[in-house]
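Enquirer: Here are the chains, one letter per residue:
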Amino acid sequence: MAMKRNRPSWDGGPVHEGGQGAAESPIREGDRFMDGDVNGDELLPCGRSLALLWQAWDAEQADSDLHVAGCPHCAAALDRLQALQDLVAADETADRDFEAAAGRSDNEAFGSRVESVTARVMDVVRLELRPGRTLPLGEPEEDAWIVEAALAKLLRKAADALPGVRAGSCRIRPAARQDAAFDDSDSPPSWHRDATHSSETPNGSADESGALDTVPTRAVGGAPFFQAPMVITPDRGPVDVYLEVAATLSWTVPELARSVRERVTTAADETVGIRVRAIDVSVVDVLDDEFADPLGGVGPAGERSHRW
Amino acid sequence: MVNAAGRRELAGNLTRAIADAVVAIDGVAFLRPGFADVVRGVGRRSTHPVSGVRVAYEAESEQWRITVQLVTGQGHRALDVTRAVRAAATSAATKVLSSQLEHPPTATGEQQSDAGRSLSVTVTVTGVV
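Read top to bottom, the protein sequences are chains R and L. Going letter by letter, the first sequence gives residues 34 to 341 in the numbering used here. Going letter by letter, the second sequence gives residues 10 to 138 in the numbering used here.
Watch out, some of these pointers could steer you wrong.
[Stated by the list, open to error] SDA-like, lysine to any residue: derived pairs with alpha carbons at most 25 Å apart:
1. Lys190/R with Leu111/R
2. Lys186/R with Val309/R
3. Lys190/R with Asp302/R
4. Lys190/R with Arg16/L
5. Lys186/R with Pro42/L
6. Lys186/R with Arg86/L
7. Lys190/R with Ser100/L
8. Lys186/R with Phe39/L
9. Lys186/R with Ala65/L
10. Lys190/R with Glu174/R
11. Lys190/R with Ser108/L
12. Lys190/R with Leu128/L
[Said to hold, decoys possible] Some but not every residue of chain R turned toward chain L, in silico, with C-beta under 8 Å:
13. Val180
14. Glu181
15. Ala209
16. Glu295
17. Thr299
18. Val309
[To be verified] Computed list of chain L residues with no C-beta within reach of chain R, every gap over 10 Å:
19. Ala13
20. Arg86
21. Thr135
Hints in this document: simulated from the structure, not taken from any laboratory. Backbone N, C-alpha and C define an ideal beta-carbon position, used for all residues, glycine too.
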């Protein structure tokens with residue numbers, strides 16, 4: 034579990050840019066990288082791409098960069114990265130010690146736990162860097178919110194609890210915004226469908242990059258104080274849920290959609306406390322019976338490919 | 010009147026008091042941990058002592074804007090947790106403001122109420138564990 038292996042696979046091209054500037058600064062954001070923030074790269078206060086800084090550090094080129102040598106922001110970022118690297122290295126050492134002292138099956142179990150913890154930590158980091166849309170909790174006059182990823186996690190879990198069902202992509206949007214976007218005949222949201230058509234298989238274009246991203250949003254009042262400002266809509270009305278599931282052939286589609294809706298509705302109300310207007314369920318795959326868990330969800334063999 | 014330095018100190022006191030009050034609430038797993046700040050390396054220069062609580066004074070509205078970001082534990086209704094957090098944060102901030110802003114430590118109930126009205130509290134659940 035090396036830290037370096039967990040870094041995102043950015044452009045694998047050389048970090049050296051041509052020209053005079055590049056001679057001074059091997060990881061200078063040249064033209065090729067200037068769209069980094071557009072693509073979602075994290076930028077340090079000095080303007081450098083965090084990913085490129087990591088890349089240079091991995092390639093042992095950071096020390097030769099004049100900017101990095103004199104920049105407190107880059108230095109601080111590298112210090113923190115080094116600290117994380119040390120923690121991971123210590124974890125690996127403990128892993129090897131454990132392997133020496135335990136049997137193979139225990140090793141596998143331990144490795145799985147470490148992998149799980151790492152994945153969860155990275156999920157938290159990813160969530161902080163990309164908190165996504167925030168959605169209203171409670172009454173319209175309340176100023177309480179939940180990020181979409183956290184809510185989706187809970188709703189997916191509710192659907193997963195059904196035997197022979199595996200929940201996949203889950204997206205939640207304010208219902209008012211959906212109506213406004215749907216009324217705009219020029220750019221209807223690609224994933225919007227009436228809830229009564231829940232059993233239809235969605236088309237392949239239904240993804241996070243759908244037309245919803247064009248819906249006007251604003252930063253909530255307190256958000257600018259955070260490094261990763263949350264983008265929310267001003268609406269505090271109910272939300273629409275779009276959930277993809279896969280299931281074994283023991284289900285009929287109408288029965289599956291109804292059961293998933295019941296579970297999700299209950300979870301939204303009792304576990305979260307968010308008002309839901311519609312739940313759009315799409316069956317996107319069929320699971321083999323061998324993956325079905327009679328207690329709900331899927332067996333261990335299916336957990337590794339939980340998301341698709 | 011409170012100058013800028015005094016206001017910064019007050020903001021720090023508010024942040025710490027609110028953080029202490031929030032993490033004590035049943036259902037709050039922890040405040041937003043700020044891992045993103047860690048990997049960015051901004052932790053050392055941050056003026057905010059607690060990652061999940063931000064406090065700022067808006068001169069235009071003469072209001073303290075408080076933002077709390079937290080992770081809840083499974084088994085707790087997120088909405089109920091946010092309501093409890095709001096109440097706790099408001100109470101903690103009101104006490105600090107009443108004792109340290111324009112009012113003496115022996116602030117009356119009416120004065121504490123005035124302090125409470127000068128608050129805006131936003132609570133966001135950023136994760137569930």
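Enquirer: All hints are to be evaluated individually against the structure, with a verdict given for each.
Expert: Hint by hint, here is what the structure shows:
1. Lys190/R with Leu111/R: This hinted pair is violated, its Cα atoms lying about 37 Å apart.
2. Lys186/R with Val309/R: Given pair Lys186/R, Val309/R holds - Cα atoms ~16 Å apart, limit 25 Å.
3. Lys190/R with Asp302/R: Between Lys190/R and Asp302/R the Cα gap is close to 14 Å, so the pair holds against 25 Å.
4. Lys190/R with Arg16/L: violated (45 Å)
5. Lys186/R with Pro42/L: holds (19 Å)
6. Lys186/R with Arg86/L: Within the cut-off at roughly 14 Å; holds.
7. Lys190/R with Ser100/L: Given that 25 Å is the threshold and the Cα spacing comes to 35 Å, the pair is violated.
8. Lys186/R with Phe39/L: Judged against 25 Å, a Cα distance of about 18 Å means the pair holds.
9. Lys186/R with Ala65/L: violated (31 Å)
10. Lys190/R with Glu174/R: violated (29 Å)
11. Lys190/R with Ser108/L: violated (46 Å)
12. Lys190/R with Leu128/L: violated (36 Å)
13. Val180: This hint holds: Val180/R lies near chain L, its Cβ roughly 5 Å from the closest one there, short of 8 Å.
14. Glu181: Violated: closest Cβ of chain L sits about 11 Å from Glu181/R, beyond 8 Å.
15. Ala209: For Ala209/R, the interface hint is violated, since the closest Cβ of chain L sits about 19 Å away, which is over 8 Å.
16. Glu295: Since chain L brings no Cβ nearer than about 18 Å to Glu295/R, farther than 8 Å, the hint is violated.
17. Thr299: violated (12 Å)
18. Val309: violated (13 Å)
19. Ala13: holds (17 Å)
20. Arg86: Given a closest Cβ separation of 5 Å, the condition is violated.
21. Thr135: violated (5 Å)
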